[in-house]
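Asker: Next come the chains, spelled out residue by residue.
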Amino acid sequence: MDAAGVMSSWSDEALAQLAATVRRGTPWRQALLEVAQPSRSGEGTEHRTEDARGNWLWLVDLERWECALDVQGGIGTTTAALSRHFASVHYLDAARPLVEFARARFREDRSANVACAQAGASALPYGPATFDCVVWDGALGRRVAGVATADPPAALPAVLAECRRVLRPGGCLYVGIATGAAPERVLGAGLILSALIRMVVGLIRVVPLWAWRRRATRRVRRFERLAVARAVPRQLRAAGFTRVQAYYIDPSFQQPWNIIPARRRAVLAYEGLQITSAGPRRWLAWLSLHPVLFDCHVFLAYA
Amino acid sequence: MKRKLRELLVAADLDGDLTREIRDDGFLILENYGAIPPAVRRSGYYVWNRGFNVLLLGRDDTPRYFCKCRPIADANLERETSVLHALNHDPELRSVVPRTRGARDGEVQLQLSEFMPGRPYEYTLPGMTERAWVESMAQILGVARTVSTRAAHLLPGLLTEPAPVVLRVAAADALTELGAAGVAEDVLQRLDRGLARAGSVPPVLQHGDLWPANVLWHEGSWRLLDFEIFGIVQIPLYDVCHFVRNCWSLREPHAAAAATWVARLASDARDADLCRRAILREARNLGLEPAQAAGVLAYYVVDLTAQLIRRGTPRVAWDPLVREVRAAADLLHGGATLHDAVFGRASVPA
Ligand SMILES: Nc1ncnc2c1ncn2[C@@H]1O[C@H](COP(=O)(O)OP(=O)(O)O)[C@@H](O)[C@H]1O
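If you're matching them up, the sequences are chains A and B in order.
Sequential numbering from 0 applies to the first sequence in numbering that gives the first Met the number 0.
Sequential numbering from 0 applies to the second sequence in numbering that gives the first Met the number 0.
Keep in mind that a hint or two might mislead.
Using C-beta positions, here's what the derived DEER-type ranges look like [said to hold, decoys possible]:
id, chain 1, residue 1, chain 2, residue 2, range
1, B, ARG98, A, PRO207, 24 to 34 Å
2, B, ASP23, A, GLY271, 14 to 24 Å
3, A, GLY201, B, PRO125, 36 to 46 Å
4, B, ALA179, A, PRO168, 58 to 68 Å
These are computed hints drawn from the structure, not numbers from a lab.
Owing to the predicted nature of the structure, the values given are computational and were not obtained by experimental measurement.
We put the CB at the ideal spot given by N, CA and C, even for glycine.
Could you build all of it, start to finish, from the sequences and the hints given here?
Answerer: In structure tokens, the structure reads:
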């Protein structure tokens, strides 16, 4: 069960129902299964997903592993992973039903080192230099409370600045972006790239085959991922982070089976392992267009 | 990367230069299946999990090391590490298994191997001619036989007993397991009688999961992977049954989905005779009579099914194997011998 992918598509009623279900004393896993759409649930998937989602922490180089913050905790999947690596973890979410659910979840799991609170990611209720690690998972996949929703690109600098503020020197911020879930052109694909994409999409519309058109449009839209790969590190540096490492998660945040450094030769090595990998993928990687190949982009930024 | 992981990698270093070599941007997490440290459920036990694997790129960005990372509770990794370490020191097996070392602390254990390039047999097999298939299968099974023979010398502690294994006794627990899972009593009794008639076999260390995905072809030789359960099964010809069954399924997935392997093996289906002959040839290489070979075949389907059930895998995963068990019992209907039923039609091994 993925906080980003699933929560973003949940209605307010579904969230309220989730909170009400745990309030009645239903175990949290069962509550999720009852409220989630059946196609998305499934005990097996959920457990495996949850188990593997925190292993990116092995990529993080920290002096201390004491205190971590999950700024948009959702159903608590990432918080749970953090709680196994850090002495204490703070969970935040702007949505009250989710906070209620998370409290029930961690109470039930007897995770004594997790504290939950309700707050938006753009105004973190902590003093400067409080955390060793801050996580913003599913960034841009959900609205950020407190930031004008009419202006989604404003969410990124606002939240990054807050995350930087609460990080200790040497601390690490994790930003996970599922580009499929991000609102269209949230990062401003840049004038030339957007114009090119618009042009190609326009040409595709001329073709009368509807299914082909949809597939082709989706493929072309993937090029907007190039903007994510370029804009996020720039914004991280603007927010005061010194070192930024980029990774891809393949195939998805829900199934984070492979974590690959976002670098031409590392992607080529990865594609080389995929016996069935098609030629065009290798070509795109070879041309350094690898951001196009992956839906899930992760950035580790050090304060 | 986490400092603890870096320290363990250096501790398992195979070439003495990892400290310089490890780069964050040359570190790929692959097959990320389970959390380390593992999630602890409310009841307090660790959920069984396989951790993740890591590919370490060398200075030239080509794959250099393959590293398995597992929670400390996983007992199989240490076993595999010691088996690979011993086998790689044998001159005959140096090209078959990778150089390997392990390291662990209180939270995580890892196994560092040199990266073995090569094309998995799994991918080349479906497109092979019949003749190439037969030849490659014989070669691979020959390599597996050498590994088994050498391992018995290199790791004498692995063989639990030098005395012959009575197939019926060895299968007793597995049959009970199948009974508990709902397999009918008459099916179990028929298999029990069939196994009794096959007698005993000399113990021989088996790979345990010899299937085409665990076999690589590189620069003119076959390489084997995945020794996590090496030597746990000690019934000769077990690997052969497993390998032949999986090869045939990969080549003919539709036929494999439509009928059981056991029934097809005993039939006139395409390639059935080829598979029977492959099994009988290996049996002869191991000094087994066809009746013993048929007994092992029954043991194999019974044991494999029970293993999956024991591991707690969902029913959908082991139901097809239960059908194999029933198919083996069907062949024994009316007091027929398994040997006649399966191998009766086999043309004389080449
Ligand atoms: N030394 C190695 N070199 C290259 N690839 C390897 C190596 N060891 C394992 N692999 C790859 O990892 C996969 C899983 O390894 P395996 O030993 O089968 O472990 P598991 O028990 O997780 O299945 C293999 O199918 C192979 O592709």
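Asker: Please go over all the hints and tell whether each is borne out by the structure.
Answerer: Hints, one by one, checked against the model:
Between B:ARG98 and A:PRO207 the beta carbon distance is about 59 Å. The supplied range of 24 to 34 Å is therefore violated. Taking 14 to 24 Å as the suggested C-beta distance range, the pair B:ASP23 and A:GLY271 conforms, at roughly 20 Å. In this structure the hint that A:GLY201 and B:PRO125 lie 36 to 46 Å apart at CB holds, the actual value being about 42 Å. At about 59 Å, the beta-carbon gap between B:ALA179 and A:PRO168 stays in the expected band of 58 to 68 Å.
Hint violations for this structure: number 1 only, all remaining hints satisfied.
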